[in-house]
Structures are given as C-alpha cells and as structure tokens.
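Could you build the full structure based on these sequences and the hints that come with them?
Residue numbers (our numbering), protein chains in the order written: chain A, 1 to 401; chain B, 1 to 401.
The set of hints was computed from the structure by calculation and includes no laboratory data. Be careful, since some hints might not be right.
Same chains, same names: a pair is fine if it fits in one copy or spans any two.
Said to hold, decoys possible - Below, in silico cross-link-like pairs of lysine to any residue (SDA-like), each with a Cα-Cα straight-line distance of 20 Å or less:
(1) 138 / 79
(2) 191 / 153
(3) 117 / 158
(4) 117 / 17
(5) 117 / 18
(6) 382 / 202
(7) 117 / 155
(8) 188 / 238
(9) 20 / 291
Number of protein chains: 2
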Amino acid sequence: MKKIVVLVLMLLSVQVYAQKFKGLALTPPMGWNSWNKFACDVNEKVIRDCADAMVKSGLKDAGYKYIVIDDCWHGERDSLGFIQADPQRFPSGMKALADYIHSLGLKFGIYSDAGWKTCGGRPGSRGREYQDAYMYAKWGIDYLKYDWCNTEGLNAEGAYMTMRDALYAAGRPIVFSLCEWGNNDPWKWGKNVGHLWRTTGDIAVLFDGEEKHPGWSSWGVLQIIDMRQDIRQYAGPDHWNDPDMMEVGNGMSVNEDRAHFSMWCMQAAPLMAGNDLANMSKETLEILTNKEAIAVDQDTLGIQGFSYAMNDKVEIWFKPLQNDEWAVCFLNRNGEAKPVEFTWSEHKVIDSFANREADFTKTTYKIRDLWAKKDIGKTDKKLTTTLPGHDVLMFRLTPVK
Amino acid sequence: MKKIVVLVLMLLSVQVYAQKFKGLALTPPMGWNSWNKFACDVNEKVIRDCADAMVKSGLKDAGYKYIVIDDCWHGERDSLGFIQADPQRFPSGMKALADYIHSLGLKFGIYSDAGWKTCGGRPGSRGREYQDAYMYAKWGIDYLKYDWCNTEGLNAEGAYMTMRDALYAAGRPIVFSLCEWGNNDPWKWGKNVGHLWRTTGDIAVLFDGEEKHPGWSSWGVLQIIDMRQDIRQYAGPDHWNDPDMMEVGNGMSVNEDRAHFSMWCMQAAPLMAGNDLANMSKETLEILTNKEAIAVDQDTLGIQGFSYAMNDKVEIWFKPLQNDEWAVCFLNRNGEAKPVEFTWSEHKVIDSFANREADFTKTTYKIRDLWAKKDIGKTDKKLTTTLPGHDVLMFRLTPVK
Chain A
1 MKKIVVLVLM LLSVQVYAQK FKGLALTPPM GWNSWNKFAC DVNEKVIRDC ADAMVKSGLK
61 DAGYKYIVID DCWHGERDSL GFIQADPQRF PSGMKALADY IHSLGLKFGI YSDAGWKTCG
121 GRPGSRGREY QDAYMYAKWG IDYLKYDWCN TEGLNAEGAY MTMRDALYAA GRPIVFSLCE
181 WGNNDPWKWG KNVGHLWRTT GDIAVLFDGE EKHPGWSSWG VLQIIDMRQD IRQYAGPDHW
241 NDPDMMEVGN GMSVNEDRAH FSMWCMQAAP LMAGNDLANM SKETLEILTN KEAIAVDQDT
301 LGIQGFSYAM NDKVEIWFKP LQNDEWAVCF LNRNGEAKPV EFTWSEHKVI DSFANREADF
361 TKTTYKIRDL WAKKDIGKTD KKLTTTLPGH DVLMFRLTPV K
Chain B
1 MKKIVVLVLM LLSVQVYAQK FKGLALTPPM GWNSWNKFAC DVNEKVIRDC ADAMVKSGLK
61 DAGYKYIVID DCWHGERDSL GFIQADPQRF PSGMKALADY IHSLGLKFGI YSDAGWKTCG
121 GRPGSRGREY QDAYMYAKWG IDYLKYDWCN TEGLNAEGAY MTMRDALYAA GRPIVFSLCE
181 WGNNDPWKWG KNVGHLWRTT GDIAVLFDGE EKHPGWSSWG VLQIIDMRQD IRQYAGPDHW
241 NDPDMMEVGN GMSVNEDRAH FSMWCMQAAP LMAGNDLANM SKETLEILTN KEAIAVDQDT
301 LGIQGFSYAM NDKVEIWFKP LQNDEWAVCF LNRNGEAKPV EFTWSEHKVI DSFANREADF
361 TKTTYKIRDL WAKKDIGKTD KKLTTTLPGH DVLMFRLTPV K
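Given below as structure tokens:
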C-alpha cells in the first residue's frame with residue numbers, strides 16, 4: 001500500500017513537472033546565443049558582456065531575454081560523473097553566472113548534445129541525461145539547446161524524450177530546444193518533446209579563403225527559407241519550427257541583415273541573435289530592435305507565414321496576425337535592385353491551413369511600412385516602388401472598418 | 001597541449017576498459033538467475049541460500065559461477081539519482097552480498113532495463129546508464145542482464161551501446177547480457193555490444209488455471225528451439241545466442257527437463273539455472289550437473305549445433321566439437337515413445353557454415369551415451385532403440401583412428 005502511494009506520488013510529481021514546461025514558449029523564444037560569433041571561444045567575460053549589452057542596448061526592452069552559451073563551456077565530469085564548467089573559462093562557476101544573468105532580469109541558457117560528445121568534442125549527455133539535467137537545474141538554467149553530434153545508434157525522438165524526461169525530473173522549468181537539424185522530421189514529434197526544433201542544418205558559415213562569413217544563398221538565408229516550406233502547419237504556440245539562430249551583424253550587408261531578420265519574423269522563427277552584442281553597429285542594433293518587425297514574429301496567433309508568389313525573383317510572403325491583420329514581406333532575391341508593382345485589389349490571399357483569407361478585392365487595408373516606420377497609404381492603390389538587391393519591404397496591414 | 005594529453009589518456013583508458021570486457025565469455029556463461037523461480041520475490045536470504053547451494057550441491061564444481069538477481073531488487077534512487085537496493089529486501093546492501101558471493105568463489109550478477117522502468121516497474125536505467133554502471137562497479141557486480149521494457153522511442157542497438165559504454169567507463173569487467181527478445185535482430189549487432197543476446201521472448205510461463213508452470217511446446221522448449229534456426233552463424237566465443245534461462249526443475253517432467261537441458265547444450269546456449277537451488281530434487285541436480293553434457297555446451301570451438309533431420313517427429317541435432325568430435329542429440333518431440341533407427345554409415349553430415357563434416361560412410365566414431373554415461377559401441381552399427389516421449393538420446397562421437 002505504501003508502495004502504491006509512493007508510485008502515485010511519483011507519477012503525480014512527473015505530471016506536475018511536465019506541466020511546468022507547458023507555456024514556456026507561447027511566442028517564439030528571443031535571446032542571444034554565443035555560437036555564430038564566438039564558436040568555441042566562450043568564457044564568462046564574453047557571456048557577462050553580452051548579457052550587460054542585452055540590457056543596455058535596448059534588446060531586453062525589445063523582448064530578448066535568453067542568454068545562451070553554446071558549445072565548449074564544459075570542463076570534465078567530477079568523480080561521480082556530474083558535469084562541471086571549464087574552470088579556466090568559467091572560474092566563477094555556472095551558478096554565479098546564472099545568478100548574475102538573473103539579476104539583470106534575463107534568463108540563462110546552456111548547450112549539450114544527445115551523443116557521447118558534443119559537436120565541439122566536449123562531454124555529451126548520452127547516458128548522463130538525468131545527471132546533466134540535475135546540474136542544470138541546480139545552476140539555475142532556463143533554456144537548453146540540445147545538439148545531435150556523435151549519436152551513433154540513437155533514435156532521435158527517443159533520445160530527445162530521454163532528456164525531456166530528465167528535465168522534468170530535475171523539476172526546473174527549462175525551454176527545450178531540439179537541435180537535430182531536421183534529419184528525422186522533428187516537426188512530426190517535437191511538439192510532445194520540446195518547445196522548438198531545428199528544421200535544417202546550420203545557417204551557413206562560408207569559408208572564403210581564410211575569411212568565414214555568414215552566407216546569403218548557399219546554406220544561408222535563402223536556402224533555409226526555401227528548404228522547409230511544407231512544414232508550417234506543425235508550428236504554433238509552444239512548439240516552433242526553428243530555422244536556426246541569426247547571423248544579423250555578422251558580416252552580411254545591412255540590406256541582407258534586414259531581409260534575414262524580416263524573413264525570420266515572417267516565419268515566426270525563434271529570434272536568437274548571434275552577433276557580438278557588446279560591439280555592434282547602429283545598423284545591427286536597429287534591425288534587431290525593430291519592435292514592429294518583432295511584433296510580427298511574436299504575434300500571439302503563432303501562425304508561420306508562407307510564400308504567396310514570386311515574380312522576377314521578388315518573392316511575396318504573407319503571415320496572418322491577430323485581429324485580422326496581416327504581415328506582408330516583399331523579398332528581392334536578386335543581387336540588383338528591382339521594380340516592384342503589386343495591385344492589391346487583384347488579389348485574394350488564402351491561408352487554407354490557418355483558415356484565414358485577405359480578400360483585397362473586397363477589403364481595404366491600411367499599410368504600415370515596418371522598416372520606414374510610417375503609414376504609406378492603403379491597399380486600394382497599386383504599390384509601385386523599387387526594391388534594392390537582397391532587401392525587403394515589410395508591411396503590416398490593418399483592415400479598414 | 002595538456003588538453004590533448006588528457007584526451008589521449010581518456011581515449012586510451014576507454015580502450016583499456018573495453019579490452020577488459022573481451023574474453024569474459026569465451027564459452028557460454030553458466031550460472032543461476034532468480035527470475036524463473038522467484039520472479040519479484042527476491043531478497044538477500046534467497047540469493048545467499050542459492051549461492052550456498054550452488055557450492056554445496058556441486059553446481060560450482062560443474063562449472064556454474066554467476067549468481068544473478070533478476071528484477072525487483074531495486075529501491076529508490078538517492079537524492080543524486082544513484083540507484084539503491086530495496087532496504088527491506090536487501091538490508092545488508094549489495095556490496096555485502098557481492099562480497100559474500102565472491103567469498104564463495106562465485107560471481108555476482110544483477111538486472112536492469114534500458115527503459116524508464118524495468119519490466120517489474122522498478123527504476124530503469126534510461127538516461128541513468130553511467131550512474132547505474134558506476135554503482136554496479138562500486139558494488140562489485142560481474143554480470144548485467146539488461147532488459148527491454150518501457151523503451152518507447154529508443155533504438156535497441158543504440159540503447160545497448162549506451163549501457164556498454166557506461167560499463168566501460170565504470171571500469172569493472174562485467175559480462176553484458178542483452179535481453180532484447182530478438183525483436184531488433186540483436187545477433188546482427190550484438191557482437192560489438194555485449195557477450196550474449198536473447199533470441200526470443202521469455203521461455204514460457206503458462207497459466208493453467210491458477211497454476212503457472214514452464215511449457216514444453218508453446219513458448220516453451222520446442223518453440224524456442226524452432227524459432228531461430230537461421231542465426232547460428234552469429235554465435236561464437238564471447239558472443240552467444242541466448243535462448244533464455246532454463247526451466248529445469250521448475251515443473252516439467254524429468255524427461256522434458258533432460259531434453260531441455262540437452263538441447264540448450266546442443267545450441268551452445270548460456271546455461272543459467274532457474275530453479276530453487278536450495279531445494280532441488282536429485283533428478284534436477286543430476287541433469288544440471290551432467291558434466292559430459294556440459295562439456296558439449298562449453299566446447300571451446302563455440303559452434304552452435306543444428307537440426308540435421310526429422311523423422312516421425314524425432315529430430316536429430318549435430319554439433320561440431322573440438323578434435324573432430326561431434327555431439328549428436330535425438331529429440332523425441334512426441335508425447336509418446338518412439339522407435340529410433342539410425343544407420344550411421346548411410347550419412348554424411350555437413351556443416352557448411354563451420355566448414356566441418358562427419359562422413360560416416362568413411363569414418364567410424366566411437367559412441368558415448370552422455371545420459372547413460374557409458375560407451376555404447378561405434379557408428380559402424382545401426383542404432384536401434386526406443387526413445388520415451390519428450391526425451392533425448394545424447395551422444396558424443398569420437399573418430400576411431
């Protein structure tokens with residue numbers, strides 16, 4: 001009888017813990033991750049500096065809150081097998097770093113891997129999931145990015161479920177980010193396992209001689225946008241398609257960064273900045289903190305946008321928003337400027353998945369230009385403009401009553 | 001540079017540990033397991049009594065050495081997640097029990113499960129593999145039977161690899177017994193993972209009204225023999241097909257027990273007794289300790305026998321042994337006695353997998369009857385006898401020079 005009571009209590013507590021994980025990502029997570037800029041060169045100064053910068057720059061006010069250390073923070077495991085931070089890179093320890101980040105009103109994320117080693121060769125969590133989740137909870141971790149290197153013989157869904165259950169058991173609410181690269185259709189099972197799942201391989205880091213830089217087309221912004229247009233129905237509040245962290249401010253042109261950011265917002269993508277927050281240009285900051293663009297991403301309907309049409313490689317995306325509003329993005333995929341003409345009143349845009357439509361033949365919408373940050377008229381007039389290469393026009397449309 | 005040295009030392013030590021696991025089962029493991037008789041009713045007295053009996057009865061002298069506690073020894077995990085024995089059932093603790101078993105010159109085995117719970121609902125090792133292996137090594141465990149219940153989402157090969165690597169890391173040589181029931185063709189990958197793998201579901205426990213008893217046909221001895229006749233090429237020294245633990249002494253007739261034991265020997269099966277060693281009949285003891293039958297099982301060639309012919313449901317099995325000897329077993333699958341006639345000199349038995357042949361048309365063999373324990377002549381004379389129902393004739397054939 002006592003055993004049954006204990007078992008029931010255990011099952012109840014698992015349910016209580018599972019409940020704690022629900023609702024942690026009702027809109028796509030926003031934050032910063034160390035990888036795209038710092039790769040393995042992470043240490044507590046870099047992280048603190050970026051956390052400070054997130055607050056001072058205004059990123060925090062714009063909605064960013066997770067500071068995530070990616071790979072290579074790990075030291076060795078202790079004699080009982082518990083993971084420790086690298087004592088040279090993180091001499092104050094992870095708990096102190098978490099406390100500092102929390103003191104700024106931010107949340108703290110960390111990285112591990114489902115395999116026996118991380119992608120960077122540090123200790124993986126395979127067979128250690130509960131011990132690692134225990135330490136994360138003890139340190140005060142709020143977000144876990146969980147990678148997929150060195151996973152010989154593992155089944156992805158099962159491996160991610162093991163860590164999910166370990167996080168439940170550890171008892172601290174933690175956003176669980178599945179970094180499985182889309183190899184095993186995580187959109188089909190990820191909703192019951194984590195809050196977001198990568199849909200593709202890493203956003204490009206192209207090697208141009210000695211120089212590495214984020215890419216625009218091959219394994220860059222365009223390729224990622226194009227790869228997974230058939231899985232938007234799997235995304236929604238608390239379970240997001242993740243086209244990878246951002247490369248804004250890491251070497252592309254301002255136009256390209258703006259287009260990249262806009263398209264991530266159109267896709268309801270997690271917005272994880274990947275640049276050096278402590279040393280960013282005014283242009284980068286302006287892109288990352290465009291609150292009207294962010295509002296498109298964070299719209300509480302949580303409907304991922306879709307490609308509506310393409311003409312002369314100028315692509316038009318639509319995204320349904322709350323209150324019958326819509327976001328629209330004209331993306332110039334060409335390297336050179338292109339004229340853009342769009343006669344709204346000839347179009348009836350139907351999102352059959354979300355059961356929504358924007359019927360411009362019957363309804364007129366007010367047009368807000370989200371980058372010019374001004375109202376530019378209504379959809380009863382034809383749009384005529386010129387769009388620079390690798391740039392976007394991004395609008396919010398509000399129906400005129 | 002220091003890091004590289006550490007990494008190289010780590011990789012070397014994994015190799016050294018892996019090396020410790022090689023050769024632990026050059027012949028099929030022999031021992032006793034609690035499940036078939038005691039199921040979940042295990043405690044330290046039962047285990048000690050059976051260990052004592054293994055020595056006193058002569059089983060130890062006959063080659064049995066592993067005392068394995070199956071499911072239900074588990075208590076709860078401690079606050080750090082380390083598994084503990086059930087304090088009511090094992091008040092002295094596992095280390096003391098291991099010490100006792102070792103003091104008898106025996107080895108100590110334990111049970112866990114790749115899933116989140118064992119088959120009996122106790123804590124499983126999923127996500128806890130390294131912590132569990134650590135405790136097993138600390139207690140002095142020599143053998144692990146690792147079950148496959150509650151493994152939603154897991155891939156078998158990967159899950160067993162995870163525990164294998166955890167055992168390596170724990171550093172104590174442990175025979176690793178994969179109890180995966182043959183669902184995922186473990187014979188195809190088990191050689192690199194463990195020392196033996198189950199090939200079928202559990203040997204039958206049939207419910208006959210209120211009474212449960214081991215079965216002869218359905219899910220019993222015959223069905224298991226018949227199920228996997230196509231996988232003998234995967235077995236050999238240090239990597240064995242495991243048709244499950246034995247039911248000798250658990251309720252079948254003496255004839256059936258003798259046939260069961262003989263067929264396990266013909267299959268080079270692990271010989272894990274499953275009866276109450278402290279309370280066994282003279283007949284059971286005589287079967288389990290038939291050293292000439294055991295020698296067939298333990299032959300160092302490690303070649304699994306095969307079915308050669310069947311006539312009127314009397315089946316003839318052959319097994320190549322060292323020094324051009326052969327074991328032969330006539331198995332009467334009928335419930336009633338059958339006449340047996342076999343004109344040796346008309347047969348040429350070829351084992352194409354092992355590249356061996358017994359050409360009775362050219363070579364004469366001396367015949368040793370392993371149950372009558374006497375020489376009964378040579379293969380130049382026709383065998384003529386009567387075989388009781390569910391019984392065997394088991395011979396060792398030695399070529400006459």
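For each hint, the structure was consulted:
Taking CA atoms no more than 20 Å apart as the test, residue 138 paired with residue 79 passes in both settings, with 18 Å inside one copy and 12 Å between copies. For the identical chains of this complex, residue 191 and residue 153 are inter-copy neighbours only, at 15 Å across copies versus 23 Å inside a copy, given an alpha-carbon limit of 20 Å. In this assembly of identical chains, residue 117 and residue 158 lie within 20 Å of each other by CA distance both inside one copy and across copies; the values are 18 Å within and 15 Å between. Taking the shortest alpha-carbon separations for residue 117 and residue 17, only the inter-copy value of 18 Å comes in at or below 20 Å, while the best intra-copy value is 28 Å.
Taking identical chains as interchangeable, the C-alpha atoms of residue 117 and residue 18 lie at most 20 Å apart only when they sit on different chains, with a minimum of 18 Å there against 27 Å within one chain. Proximity of residue 382 to residue 202 under the C-alpha cut-off of 20 Å is found in neither arrangement, the shortest distances being 39 Å within a copy and 74 Å between copies. In this assembly of identical chains, the alpha carbons of residue 117 and residue 155 lie at most 20 Å apart whether taken from the same copy (16 Å) or from different copies (19 Å). In this assembly of identical chains, residue 188 and residue 238 lie within 20 Å of each other by CA distance solely inside one copy; the values are 14 Å within and 41 Å between copies.
For the identical chains of this complex, residue 20 and residue 291 are neighbours neither inside a copy (29 Å) nor across copies (61 Å), given an alpha-carbon limit of 20 Å.
Going down the numbered hints, you'll see the structure goes against 6, 9, while the others check out.
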